[in-house]
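Enquirer: Chain by chain, the residues run as shown.
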Amino acid sequence: MINLRTSVSAFTLAATAAMGVAATGLPAFANDKLVELSKSEANWPMTGKNYSAQNYSTSKQINVDNVKDLKPAWAFSTGVLHGHEGTPLVIGDRMYVHTPFPNITFALDLKEPGKIEWMDKPKQAPTARAVACCDVVNRGLAYWPGDGKTPALILKTQLDGHIVALNAETGELAWKMENSDIKVGSTLTIAPYVIKDSVLVGSSGAELGVRGYVTAYDVKTGAQKWRAYATGPDEELLLAKDFNSANKHYGQFNLGTNKTWEGDAWKIGGGTNWGWYAYDPDTNLFYYGSGNPAPWNETMRPGDNKWTMTIWGRDIDTGEAKFGYQKTPHDEWDYAGVNVMMLSEQKDKEGKLRKLLTHPDRNGIVYTLDREDGTLISADKLDDTVNWVKQVDLKTGIPVRDPEFATRMDHKATEICPSAMGYHNQGHDSYDPEKQLFYMGINHICMDWEPFMLPYRAGQFFVGATLWMYPGPKGDRQNYEGLGQIKAYNAISGKYAWEKMERFAVWGGTLATAGDLVFYGTLDGFLKARNSKTGDLLWKYRLPSGVIGHPMTYTHDGTQYVAIYYGVGGWAGVGLVFDLTDPTAGLGAVGAFKNLQHYTQMGGGVQVFSLNGKNPYDDPNVGEWVGKAN
Amino acid sequence: MSKIAAYGRLFAAAGFAVVALAAPALAYDGTNCKEPGVCWEPKPNYPAKNEIKGSKYDPKHDPKEINKQSASIQAMEERNKKRADNFAKTGKFEYDVSKIGAK
Chain F
1 MINLRTSVSA
11 FTLAATAAMG
21 VAATGLPAFA
31 NDKLVELSKS
41 EANWPMTGKN
51 YSAQNYSTSK
61 QINVDNVKDL
71 KPAWAFSTGV
81 LHGHEGTPLV
91 IGDRMYVHTP
101 FPNITFALDL
111 KEPGKIEWMD
121 KPKQAPTARA
131 VACCDVVNRG
141 LAYWPGDGKT
151 PALILKTQLD
161 GHIVALNAET
171 GELAWKMENS
181 DIKVGSTLTI
191 APYVIKDSVL
201 VGSSGAELGV
211 RGYVTAYDVK
221 TGAQKWRAYA
231 TGPDEELLLA
241 KDFNSANKHY
251 GQFNLGTNKT
261 WEGDAWKIGG
271 GTNWGWYAYD
281 PDTNLFYYGS
291 GNPAPWNETM
301 RPGDNKWTMT
311 IWGRDIDTGE
321 AKFGYQKTPH
331 DEWDYAGVNV
341 MMLSEQKDKE
351 GKLRKLLTHP
361 DRNGIVYTLD
371 REDGTLISAD
381 KLDDTVNWVK
391 QVDLKTGIPV
401 RDPEFATRMD
411 HKATEICPSA
421 MGYHNQGHDS
431 YDPEKQLFYM
441 GINHICMDWE
451 PFMLPYRAGQ
461 FFVGATLWMY
471 PGPKGDRQNY
481 EGLGQIKAYN
491 AISGKYAWEK
501 MERFAVWGGT
511 LATAGDLVFY
521 GTLDGFLKAR
531 NSKTGDLLWK
541 YRLPSGVIGH
551 PMTYTHDGTQ
561 YVAIYYGVGG
571 WAGVGLVFDL
581 TDPTAGLGAV
591 GAFKNLQHYT
601 QMGGGVQVFS
611 LNGKNPYDDP
621 NVGEWVGKAN
Chain Y
1 MSKIAAYGRL
11 FAAAGFAVVA
21 LAAPALAYDG
31 TNCKEPGVCW
41 EPKPNYPAKN
51 EIKGSKYDPK
61 HDPKEINKQS
71 ASIQAMEERN
81 KKRADNFAKT
91 GKFEYDVSKI
101 GAK
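Chains F and Y are the protein sequences, given in the same order.
Start counting the first sequence at 1; every next residue gets the next number (the UniProt record's numbering).
Start counting the second sequence at 1; every next residue gets the next number (the UniProt record's numbering).
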């Protein structure tokens, strides 16, 4: 930790007083404070803006009429190459920036943008890089606002498997725990997530046979509260007594071992969770997806492989699962279902107001569930070119597979859509509650797939498939372009308000605002703004490197800013960042994105925009050093 | 990753003993469930779950390798508990558990 500033933020003091919690002397959970912070457009206190993970801002200083005047305001180089996923946090006068390995954290002063108040640069075993499946990314930070006794904290994960708590004011280490062991192939890339006085952490490494789990730690002490696995016996899955009681057809008990696995394969069966969380204070449930089973070679793991590929609703206090819906039983394509969960309240087709969860999955289906009990409400294709599944039976929840696009040993399957990258990957999308539209960044990539046998060795890759990826049917297969889309989706009607093609995958996700705008970054290095009603392209800006993170916005001293990480990489950019040329390398990504290198190269940083580039340095005296001689 | 692919192909090329396979079934579409949540079926000419051991497609899992993860997790949890307990007791966080033990 390098402390560049020791004074207490004026905002923190003001915010504490403003919230009135301290003044009343009543105990308050962190999420009460976080809810209040997230209501203010001055803050972006969690990766998805609020617990509903809507990535939506009511700010409309920047809007469809003036977005053409959006100009760079300030920028900050992280000094780190490789893929920059996720988005910065803003709380009051401070922006918290994270990086891929070596997982540096910067606290930047927004009054003098770019000035570093403190930074944390952990020393990690470089061997962590060798077991990261898809570049050395990290998806972000979490903020815990403090309780009067324990100061506010920044929570971060390290690729080497640690969860770390830092003093948000000074960067000083509060505690550091081991969550994942790189010796057995387990890493951490997920953004931690604060609910009440717990911090949630997932796990990565299903491509190395890692059995997935989610863990809650006491945010103040680092003590483990509970740990829930994705596979195994019910007591390790932490199933509530009424698990899936509203949807018994999903399956209930004793399914995590030999009923859906062969022998002890569940112990190395994957189901890691490295995506995003959402939380509903009313249900007290948090929501997330467990990922793909291991290995990718389906012939080696007969069975439904419960409970990989599952949308979970778990009680934050006990970890117990109230429901689990497995989207892709017995996965054959690596459709790891860790994608974003966006919460909304909408009337269903019968006019009943419901608490919903909408999840665009890797498998090419966008699911909407009743988040109170897990009931499946809709399951629509993200694109009409999805072919592994004919439809999802809403009564049973079962995907009706098309055997033509199945995979198996001694067979090379071709023209499977989506590819293993999914039609939607780790991007954090957005929801506009006024328009009742979800804005989704989409991949448009298909694949050929040929499995092979391999032994499990702890800490080594355990995939067992060779992949060839290429643009989907709407793309340009001669020039390997047309690999992405951007779409506006209504979860109730199941219809798309608009959709546009992109040269490359829209990997990072979207931001929606009340200014009738949707922002997103592209792999080839643009930040773009579209009219969120029509999809019309209104503005774009060329960044120093490609984008795989999602944009955010905040208002500081009366000026609305839009910020985004640049830094190409991640699975999509793995060929570029590691100089790979074999089209099957990078688990098939190299072939699909072989032309990306002609559009962008590595870099890493934050670029911030405002109308006409307004920023604190418009007053040239801001940040000036004033010596005695002056 | 290309190294892994090469290793896998080498392993596959070495060959495995072929045993009786399951009788051909209708193409697997996932809709023929034995009970709620249990819908997998072997594909035509591929082994059922209880037939995979010893078949051409036996993954031949080594119990020693398989159990390494749980042993590692247990050890991490024990070290973390020492750290958290010590933190609660002393108010000072110490990561190095050998230093905690010495106190």
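Note that these hints are calculated values from the structure, not bench results.
Keep in mind that a hint or two might mislead.
[Stated by the list, open to error] Each computed DSBU-like pair below joins lysine-lysine, with the alpha-carbon atoms no more than 30 Å apart:
| no. | chain 1 | residue 1 | chain 2 | residue 2 |
| --- | --- | --- | --- | --- |
| 1 | Y | K99 | F | K259 |
| 2 | Y | K49 | F | K259 |
| 3 | F | K347 | F | K500 |
| 4 | Y | K60 | F | K121 |
| 5 | Y | K92 | F | K176 |
| 6 | Y | K49 | Y | K34 |
| 7 | F | K123 | F | K68 |
| 8 | Y | K82 | F | K123 |
| 9 | Y | K82 | F | K183 |
| 10 | Y | K60 | F | K176 |
| 11 | F | K390 | F | K225 |
| 12 | Y | K53 | F | K196 |
| 13 | F | K352 | F | K495 |
| 14 | Y | K81 | F | K183 |
| 15 | Y | K64 | F | K390 |
| 16 | F | K474 | F | K614 |
| 17 | F | K381 | F | K355 |
| 18 | Y | K60 | F | K259 |
| 19 | F | K495 | F | K349 |
| 20 | F | K115 | F | K614 |
| 21 | Y | K81 | F | K121 |
| 22 | F | K176 | Y | K49 |
| 23 | Y | K60 | F | K196 |
| 24 | F | K259 | F | K248 |
| 25 | F | K121 | F | K111 |
| 26 | Y | K56 | F | K412 |
| 27 | F | K225 | Y | K34 |
| 28 | F | K395 | Y | K49 |
| 29 | F | K149 | F | K71 |
| 30 | F | K149 | F | K196 |
| 31 | Y | K82 | F | K390 |
| 32 | Y | K89 | F | K412 |
| 33 | F | K540 | F | K495 |
| 34 | F | K115 | F | K68 |
| 35 | F | K39 | F | K594 |
| 36 | F | K395 | Y | K34 |
[Unchecked claim] These stretches of chain F come out as covered by chain Y in the derived footprint (C-beta under 8 Å, 3 or more residues):
| no. | stretch |
| --- | --- |
| 37 | 215-224 |
| 38 | 322-336 |
| 39 | 433-445 |
| 40 | 555-569 |
This one's a predicted model, so the numbers in the text were calculated from it and none came from an experiment.
Using N, Cα and C, we set each Cβ at its ideal position, and we do this for glycine too.
Enquirer: Take the hints in turn and mark each one as holding or not.
Expert: The hints, checked one at a time:
A hinted pair counts as satisfied when its Cα atoms are at most 30 Å apart, and K99 of chain Y with K259 of chain F does not qualify at roughly 45 Å. Between K49 of chain Y and K259 of chain F, the direct Cα distance comes to roughly 9 Å. Compliance with the 30 Å bound is thereby established for this hinted pair. Proximity of K347 of chain F to K500 of chain F is assessed by CA-CA distance (about 27 Å); at most 30 Å being required, the pair is judged to hold. Distance check on the hinted pair: K60 of chain Y and K121 of chain F sit about 42 Å apart at the alpha-carbon level, beyond 30 Å; violated.
The suggested pairing of K92 of chain Y with K176 of chain F holds, with an alpha-carbon distance near 12 Å, which does not exceed 30 Å. A C-alpha spacing of about 14 Å is found between K49 of chain Y and K34 of chain Y, which places the hinted pair at or below 30 Å, so the restraint holds. A C-alpha spacing of about 43 Å is found between K123 of chain F and K68 of chain F, which places the hinted pair above 30 Å, so the restraint is violated. Between K82 of chain Y and K123 of chain F the alpha-carbon distance is near 22 Å, which keeps this suggested pair within the 30 Å criterion.
Using a Cα cut-off of 30 Å, the hinted pair K82 of chain Y and K183 of chain F holds, with the two alpha carbons roughly 21 Å apart. Distance hint between K60 of chain Y and K176 of chain F is unfulfilled; the C-alpha atoms sit about 38 Å from each other, more than 30 Å. Distance hint between K390 of chain F and K225 of chain F is unfulfilled; the C-alpha atoms sit about 42 Å from each other, more than 30 Å. Using a Cα cut-off of 30 Å, the hinted pair K53 of chain Y and K196 of chain F is violated, with the two alpha carbons roughly 47 Å apart.
A hinted pair counts as satisfied when its Cα atoms are at most 30 Å apart, and K352 of chain F with K495 of chain F qualifies at roughly 19 Å. At roughly 20 Å between alpha-carbon atoms, K81 of chain Y and K183 of chain F fall within 30 Å of each other, so this suggested pair holds. A threshold of 30 Å between alpha carbons decides the hint, and for K64 of chain Y with K390 of chain F the separation of about 41 Å lies outside it, so the pair is violated. Restraint check for K474 of chain F and K614 of chain F: the C-alpha separation of about 40 Å exceeds 30 Å, so the hint is violated.
The hinted pair formed by K381 of chain F and K355 of chain F meets the criterion: a straight-line CA distance of about 22 Å does not exceed 30 Å. About 19 Å separates the Cα atoms of K60 of chain Y and K259 of chain F, which keeps this hinted pair within 30 Å; it holds. Only pairs whose Cα atoms come within 30 Å are accepted, and K495 of chain F paired with K349 of chain F is accepted, the gap being roughly 13 Å. The hinted pair formed by K115 of chain F and K614 of chain F meets the criterion: a straight-line CA distance of about 17 Å does not exceed 30 Å.
For the given pair, K81 of chain Y sits about 25 Å from K121 of chain F by alpha-carbon distance, which is consistent with the 30 Å threshold. Between K176 of chain F and K49 of chain Y the alpha-carbon distance is near 42 Å, which puts this suggested pair outside the 30 Å criterion. In summary, the hint linking K60 of chain Y to K196 of chain F is not supported, as the alpha carbons are separated by about 45 Å, beyond the 30 Å threshold. Proposed proximity of K259 of chain F and K248 of chain F is supported: the alpha carbons are some 16 Å apart, at most 30 Å.
The hinted pair formed by K121 of chain F and K111 of chain F meets the criterion: a straight-line CA distance of about 23 Å does not exceed 30 Å. Distance hint between K56 of chain Y and K412 of chain F is fulfilled; the C-alpha atoms sit about 17 Å from each other, no more than 30 Å. Straight-line distance between C-alpha atoms of K225 of chain F and K34 of chain Y comes to about 37 Å, which puts the hinted pair past the 30 Å bound. Restraint check for K395 of chain F and K49 of chain Y: satisfied, since their Cα atoms lie roughly 27 Å apart, inside the 30 Å limit.
Restraint check for K149 of chain F and K71 of chain F: the C-alpha separation of about 42 Å exceeds 30 Å, so the hint is violated. Proximity of K149 of chain F to K196 of chain F is assessed by CA-CA distance (about 15 Å); at most 30 Å being required, the pair is judged to hold. Taking the CA atoms of K82 of chain Y and K390 of chain F, the gap is about 52 Å. The hint is violated against a cut of 30 Å. A C-alpha spacing of about 59 Å is found between K89 of chain Y and K412 of chain F, which places the hinted pair above 30 Å, so the restraint is violated.
A distance of roughly 27 Å separates the Cα atoms of K540 of chain F and K495 of chain F; the hinted pair therefore holds under the 30 Å criterion. As the CA atoms of K115 of chain F and K68 of chain F are separated by approximately 28 Å, the hinted pair is consistent with the 30 Å bound. Restraint check for K39 of chain F and K594 of chain F: the C-alpha separation of about 42 Å exceeds 30 Å, so the hint is violated. For a cut-off of 30 Å, the pair hint linking K395 of chain F to K34 of chain Y stands: about 17 Å separates their Cα positions.
Interface restraint, the stretch 215-224 of chain F with chain Y: holds (5 residues with C-beta to C-beta distance below 8 Å; minimum three). Closer than 8 Å: that is the beta-carbon criterion, and the stretch 322-336 of chain F has 3 residues meeting it against chain Y, so the requirement of 3 holds. Residues of the stretch 433-445 of chain F with a Cβ under 8 Å from some Cβ of chain Y number 0, which does not satisfy the need for three, so the listed coverage is violated. Check on the stretch 555-569 of chain F: 0 of its residues sit with their Cβ under 8 Å from a Cβ of chain Y, so the three-residue criterion for coverage is violated.
Taken one by one, the earlier hints fail for this structure at numbers 1, 4, 7, 10, 11, 12, 15, 16, 22, 23, 27, 29, 31, 32, 35, 39 and 40, listed in ascending order.
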